[in-house]
Each structure stands twice: as structure tokens, then as C-alpha cells.
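Since the structure of chain P is already known, use the hints to place chain V on it.
Going down the list, the protein sequences come from chains P and V. Numbering-wise, full-length UniProt numbering puts 107 at position 107 of the first sequence, and it's gapless, one number per residue. Numbering-wise, full-length UniProt numbering puts 32 at position 32 of the second sequence, and it's gapless, one number per residue.
Derived by calculation from the structure, the hints in this document are not laboratory data. This one's a predicted model, so the numbers in the text were calculated from it and none came from an experiment. Among the hints, erroneous ones may be present.
Selected chain P positions facing chain V (in silico; Cβ < 7 Å) [said to hold, decoys possible]:
#1 Tyr44
#2 Leu135
#3 Ile158
#4 Val165
#5 Ala172
Backbone N, C-alpha and C fix where the C-beta goes; we use that ideal spot for every residue, glycine too.
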Amino acid sequence: MDSQHLNPSSLKSRFTARFLRALIKINAQKPISSSSPRDIFQRYQRIKVAADKSMAYSVRSRRTWSRATLWKLRSRSRRRLASSGRRSSIKTRTTTTTTTTTTSTNHRAAIVEKTSHEKENKEDHVGLAVQAEELRELVPGGESMDLCNLLDETAHYIKCLTTQVQVMKKIANLYSLE
Amino acid sequence: MSSQRPTSSNKITDDELNALILRLQTLLPQLDQSRHGRVSAAKVLNEICSYIRRLQNEVDGLSGRLSQCLDSMDLTGFDAEIVRDLLQQ
Chain P
1 MDSQHLNPSS
11 LKSRFTARFL
21 RALIKINAQK
31 PISSSSPRDI
41 FQRYQRIKVA
51 ADKSMAYSVR
61 SRRTWSRATL
71 WKLRSRSRRR
81 LASSGRRSSI
91 KTRTTTTTTT
101 TTTSTNHRAA
111 IVEKTSHEKE
121 NKEDHVGLAV
131 QAEELRELVP
141 GGESMDLCNL
151 LDETAHYIKC
161 LTTQVQVMKK
171 IANLYSLE
Chain V
1 MSSQRPTSSN
11 KITDDELNAL
21 ILRLQTLLPQ
31 LDQSRHGRVS
41 AAKVLNEICS
51 YIRRLQNEVD
61 GLSGRLSQCL
71 DSMDLTGFDA
81 EIVRDLLQQ
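Isolated chain P (complex conformation):
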């Protein structure tokens, strides 16, 4: 694809190194013999957080979306420490997701109503505004971005996501063969 992958300071290299270090740490946290479904689920959660965190750190908070991701992860771990048990923190996450969906649905309806008056001038912008609302939910920190920034951040976010998937896939293939 691009020649950057041989560059030791490329995003891909930085992410790979960070993510592997995180995996080693996760591996060390639980004895190798324990593989109950609960332990595996916990490990899955930790790995997913490590993957997202590694990518966000590798971007070095140059981007709004990476800063939003790191902020989200930090506040979530703070909440988890404050709550009494693991189950309550999972419930908190589910509630947050539901609230976001409801808010955005109302938001979307409001946008459609508002833009119907401006339709004659901004036909394309109407369709765009509605689609952009959906995009805001997907890109971390998207709620507070203006359309221009949102589209810019989206492009970068997608590039990073594809790199993340690429590396994770290679690691999984590498270690599932052994």
C-alpha cells in the first residue's frame, strides 16, 4: 500500500509496538492456566481497550478524535475504579449508549425540521446534515465538530482504523498458527 510501513516512526510501527507491549501486560496479568469464559471476556475487553488506546496514543493527540478517545477511556476507567464492582460499570456503559441513541434521534428530527426551510438554497447540505449526524456518533468527539472538521477527522480516523485492523489481523494470524 504505502512505503511508510518500513519507517520505524510511522503510525503503523508506533501502534504495533505499543499494542504488543499492552498484550504482554495483559498476558502477564492472569495465570496462563485460567481460561474460564469470564476471564476470556475480561481479556477481550482489555484487549479492545488496549487496541483503541494504543492507536489514540500513537496519534499523539494531534487529532480531536484521538483526544476524545483518550478522554473517554480515562473517564471510564475512573468510573470503574469508583464503582463497587465490574457488573455496575458494564451497566453504566449500556445506559450511556442508549442515552446517546435517543439524543441523536431527537437531534436528527430537529435538523430535518430546521433544514426544510432552507431547502431551496442548500439541497445537498440538507442530505449532508442528516448523514453527518450519523457520522458524529461514530467518530469519537464528533458531536462538537463543525462539518468541515468532522469530514477531515473522519478521513484520518478511517486511515487509523484500517491500520489498526491490519496489524491486529496479522498478530492474530501469527499467533493462531503457533
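Just chain V, lined up with the frame of chain P:
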């Protein structure tokens, strides 16, 4: 598509918008420009949303796979060799 009329109420010009949308289109393998030419902005954003969801689900799935084989992973021997091998392709 969009007119070139100056829209002073908009902070972003139509040209800027089109350029950003076009850049997003190039990121989508399924909307390859050589086959589809210009696609409407709304469709590009629609595909972008699906693409992001798909990527995020892939991360989820791969995290699951890694959690299964983390047990058997001999990560203590990981060094520059492995990293280089990973990044070769």
C-alpha cells in the same frame, strides 16, 4: 450538483465540501472512482458510516480472537524481529 453561489452564511464553501467528500470517497474501496465516477455526497457519507461500523466490528472480532489465543501466545520472545516481520507486508 451544488451551485458556485457564494454562501456567506456558510463558513465552508461548496468547493471545500466537495474536496473533503471526494477525499472520503477515495478511502472507500467499494466506491472506486474509476468505476463509479462522481457519487452524491450523501451516498459517500452513508457508505463511510457503514465502513466505519464494519471496521469497528472487525476490531471487536479481532480482540475476541486475540483473547482466545492470548493464553498460548509466547510473547516473552517478542522482539524487533517479530515486529519487522509483522510490518513487512
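Verification of the hints:
Nearest Cβ of chain V to the Cβ of P/Tyr44: about 4 Å, under the 7 Å cut. The hint holds. About 6 Å separates the beta-carbon of P/Leu135 from the nearest beta-carbon of chain V, less than 7 Å, and the hint is met. For P/Ile158, the interface hint holds, since its Cβ comes within 7 Å of a Cβ in chain V; the closest pair sits about 5 Å apart. The beta carbon of P/Val165 comes within 5 Å of a beta carbon in chain V, closer than 7 Å, and the hint placing it at the interface holds.
Hint on P/Ala172 holds. Least Cβ distance to chain V is approximately 5 Å, under the 7 Å limit.
Against the hints set out earlier in the document, no violation occurs for any number.
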